Amino acid sequence: MADKTLAVTTPWHPTLQRPFAGSFVQATTAAVRDLFARIELYNTEDWTGPADPVQARMVRKGYAALTSGPSPRIGLTAHRADGGYWVTDIPTPVTPKKHYADWALSHESVLRPVLKSGRFEADVVHGHVGIYGGWLAHRFARPDARVVFTEHASFLGKILGQPRSRAMYAEVMDRADAVLCVSEKLRNELLGAFPGHAAKIQVLPNAVDIEAMPVRPAPVTALRRWIYIGKVVAAKGVGELVEAFAIAAKDEPELTLTILGSGPLVEPLRARAAELDLSGRVTFHDSVPPQRVFEFLHAHDLLVHPSKSETFGMTTVEAVGSAMPVLVTRCGGPEETLAGLDGVAGLLIDVSPDPQVIVDGYRRLATQAAQLDPARARAELIGRYGSKAVAARLAEVYGVEVSK
Amino acid sequence: MSVLLVAVGVTRSRAVTDTADYLLARGVDVDLLTVEAGPWEAAGLDPRVTLHTLAAAEAKHPLARFGRLVCKLSKAAYTKGYAKVYRLMRPYVMWRAARRTVVKRLDWSTVEQLVICDSHAIPIGWHLAMRHPDLVVGFELDRTPWADREPALSTATASASPSPSTPAGIDVVDG
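Top to bottom, those sequences are chains A and B.
Number 352 in the working numbering belongs to position 352 of the first sequence; there are no gaps in the numbering.
Number 43 in the working numbering belongs to position 43 of the second sequence; there are no gaps in the numbering.
Treat the hints as calculated values from the structure; they're not laboratory data.
Computed from a predicted structure; not experimentally measured.
All C-beta atoms, glycine included, are put in the ideal place defined by N, C-alpha and C.
Do not rely on the hints blindly, as some may be mistaken.
Claimed, not checked - Restricting the straight-line Cα-Cα distance to at most 25 angstroms, the calculated cross-link-like pairs of lysine-lysine (DSS-like) are: (1) A:61 with A:200; (2) B:104 with B:60; (3) B:60 with B:75; (4) A:308 with A:158; (5) A:158 with A:98; (6) A:97 with A:61; (7) B:75 with A:98; (8) A:308 with A:4; (9) B:60 with A:98; (10) A:231 with A:308; (11) A:200 with A:158; (12) A:158 with A:231; (13) B:80 with A:97; (14) B:75 with A:61; (15) B:84 with A:97.
Stated by the list, open to error - To list a few chain B residues with every Cβ distance to chain A over 10 angstroms, as calculated: (16) 39; (17) 87; (18) 122.
Unchecked claim - Some chain B residues well away from chain A (every beta-carbon gap over 10 angstroms; in silico): (19) 15; (20) 104; (21) 138.
Can you build the whole structure from these sequences, using the hints too?
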């Protein structure tokens with residue numbers, strides 16, 4: 001019987017405003033629920049406020065008046081989440097155009113009055129992202145508590161590039177008993193910045209509930225219906241994708257492309273598709289809730305993910321989890337998530353501004369499609385990122401026993 | 001009975017529209033105190049929500065009138081002098097505007113909850129909370145009072161719902 005308690009602190013967790021934020025934190029926390037007698041998650045959600053310092057001060061004053069004191073007007077209380085743990089959502093007014101250090105201190109100031117004893121009473125405290133979750137774990141953990149934090153910020157470079165937040169990060173590194181990075185890329189970044197802490201930095205991905213992902217009802221027989229899922233921004237290589245599709249589509253009139261997502265490039269790319277005479281073959285669709293993503297995956301034959309940089313690449317994992325072939329760039333995360341699965345789950349291609357790289361990859365994949373083994377690829381991912389696999393590794397990191 | 005939502009802008013519009021939909025589906029009246037109505041239509045707010053906008057009352061305030069006069073006389077003086085000062089005074093002006101509108105017009109005896117929905121709304125929400133010490137106040141709706149009430153299917157929400165089974169907007173070709 002588990003007797004220890006866990007506190008989780010994160011700036012990302014699903015809320016009414018951001019129902020899909022931090023689903024990886026949600027999955028990872030749910031995965032370890034049986035390891036602890038009680039898990040309490042504190043979600044400090046950014047509420048962007050006025051940039052003007054006087055107005056920002058009035059917001060802080062009003063917030064403090066409403067939430068502090070012996071009988072606060074607004075009590076921020078915990079509710080039980082679907083994952084079987086307790087969640088306290090804490091709106092965190094933040095001022096735009098500030099530094100990460102200022103934002104971290106804002107998160108600290110809103111969390112303090114929520115903690116009745118002024119600290120986390122849990123035996124283990126797990127922060128998500130060094131700044132802010134790691135910082136809060138460091139500031140509020142009991143002196144004898146085990147402190148762990150997971151780094152998954154694609155903006156880690158910016159945090160470490162600002163002297164104040166870098167100094168705060170160094171404090172967090174000193175206090176942490178274990179530092180988990182969701183990718184080798186992030187681990188290398190942290191090793192470069194804090195070589196003295198190499199022994200405590202390891203790669204441990206977020207749990208992904210791949211077991212629950214619906215496998216497509218019919219196997220893919222031809223790679224005719226392409227889909228891209230994600231933000232429609234230049235960094236994701238969507239522009240190159242449309243150009244590549246135009247080249248491939250010339251020879252193969254049955255090819256179609258769906259771009260599922262929102263972003264500043266939607267309209268320019270729609271115009272470009274029209275210019276390329278592809279209006280009937282390239283379809284744009286606004287982003288959908290996570291549970292609807294599989295409807296789209298099942299209605300297509302190939303996920304093309306030409307991103308320039310990814311720390312993990314959740315969409316690729318979802319596609320492989322649903323037994324769909326993928327054509328994905330070696331942009332950081334995907335070569336780790338698909339390690340040993342190149343030619344099994346799909347194909348990895350180089351990051352390049354040249355759309356011909358995508359076209360060549362597609363043509364190579366089309367000739368090898370019969371050799372792909374989607375069932376094996378899915379099983380491999382379950383072994384790496386499935387809830388049970390990640391929970392077992394986290395139990396070691398937390399220093400708790402896996403319950404029988 | 002009713003619930004008053006306060007949201008100065010639309011930065012957290014999804015939370016506002018979802019909360020309004022939840023209440024309306026359970027037969028609860030919803031009021032929204034905000035600055036302008038236009039952005040809420042674009043954000044998909046149910047038209048049954050009663051809007052209390054502050055823009056007109058703000059424009060009538062002497063400080064705002066003075067600003068228009070300054071602007072007529074000198075654009076530079078407006079930008080470099082007045083606008084900077086007014087930015088500092090704006091929370092005060094907005095609260096005065098709220099007092100002249102929603103504070104006077106709303107039947108507070110029917111308001112069950114006050115929900116402060118965005119960061120900019122915190123000062124006004126705080127003032128309203130002080131004026132009504134018995135009112136339940138939160139940063140999100142306390143749904144407990146309506147937890148057992150079945151939602152009624154409204155025309156507005158039903159027509160806005162996408163098809164549950166077919167990925168909308170794409171042609172699904174049988175493979």
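We went through each hint and held it up to the structure:
With a C-alpha separation of about 40 angstroms, the suggested pair residue 61 of chain A and residue 200 of chain A falls outside the 25 angstroms cut-off, and the hint is violated. Between residue 104 of chain B and residue 60 of chain B the CA atoms are separated by roughly 16 angstroms; this keeps the pair inside 25 angstroms, and the hint holds. A C-alpha spacing of about 20 angstroms is found between residue 60 of chain B and residue 75 of chain B, which places the hinted pair at or below 25 angstroms, so the restraint holds. As the CA atoms of residue 308 of chain A and residue 158 of chain A are separated by approximately 18 angstroms, the hinted pair is consistent with the 25 angstroms bound.
Using a Cα cut-off of 25 angstroms, the hinted pair residue 158 of chain A and residue 98 of chain A holds, with the two alpha carbons roughly 12 angstroms apart. A hinted pair counts as satisfied when its Cα atoms are at most 25 angstroms apart, and residue 97 of chain A with residue 61 of chain A qualifies at roughly 20 angstroms. The straight-line distance between the Cα atoms of residue 75 of chain B and residue 98 of chain A is roughly 29 angstroms, outside the 25 angstroms bound, and the hint therefore fails. With a CA separation close to 42 angstroms, the supplied pair residue 308 of chain A and residue 4 of chain A exceeds the 25 angstroms bound.
The hinted pair formed by residue 60 of chain B and residue 98 of chain A fails the criterion: a straight-line CA distance of about 34 angstroms is larger than 25 angstroms. Between the alpha carbons of residue 231 of chain A and residue 308 of chain A the distance comes to roughly 12 angstroms, so the proposed pair stays at or under 25 angstroms and holds. Under the criterion of a C-alpha separation no larger than 25 angstroms, the hint pairing residue 200 of chain A with residue 158 of chain A is consistent with the structure, at around 22 angstroms. Of the supplied pair hints, the one linking residue 158 of chain A and residue 231 of chain A holds, its CA atoms being roughly 21 angstroms apart against a limit of 25 angstroms.
For the hint pairing residue 80 of chain B with residue 97 of chain A, the CA-to-CA distance comes to about 21 angstroms; that is within 25 angstroms, so the pair holds. Of the supplied pair hints, the one linking residue 75 of chain B and residue 61 of chain A is violated, its CA atoms being roughly 34 angstroms apart against a limit of 25 angstroms. Restraint check for residue 84 of chain B and residue 97 of chain A: satisfied, since their Cα atoms lie roughly 17 angstroms apart, inside the 25 angstroms limit. With a closest Cβ-Cβ approach of about 16 angstroms to chain A, residue 39 of chain B is found to remain outside the 10 angstroms limit, as its non-interface label requires.
Distance check for residue 87 of chain B against chain A: the nearest CB is about 5 angstroms away, which does not clear 10 angstroms, and the non-interface claim fails. In this structure residue 122 of chain B is not separated from chain A by more than 10 angstroms, as the shortest Cβ-Cβ distance comes to only about 4 angstroms. Its beta-carbon lying about 4 angstroms from the closest one in chain A, residue 15 of chain B breaks the requirement of being farther than 10 angstroms from that chain. A cut-off of 10 angstroms between C-beta atoms confirms that residue 104 of chain B is not in contact with chain A; the least separation is 21 angstroms.
The claim that residue 138 of chain B lies off the interface is violated: its Cβ sits roughly 6 angstroms from the closest Cβ of chain A, which falls inside the 10 angstroms cut-off.
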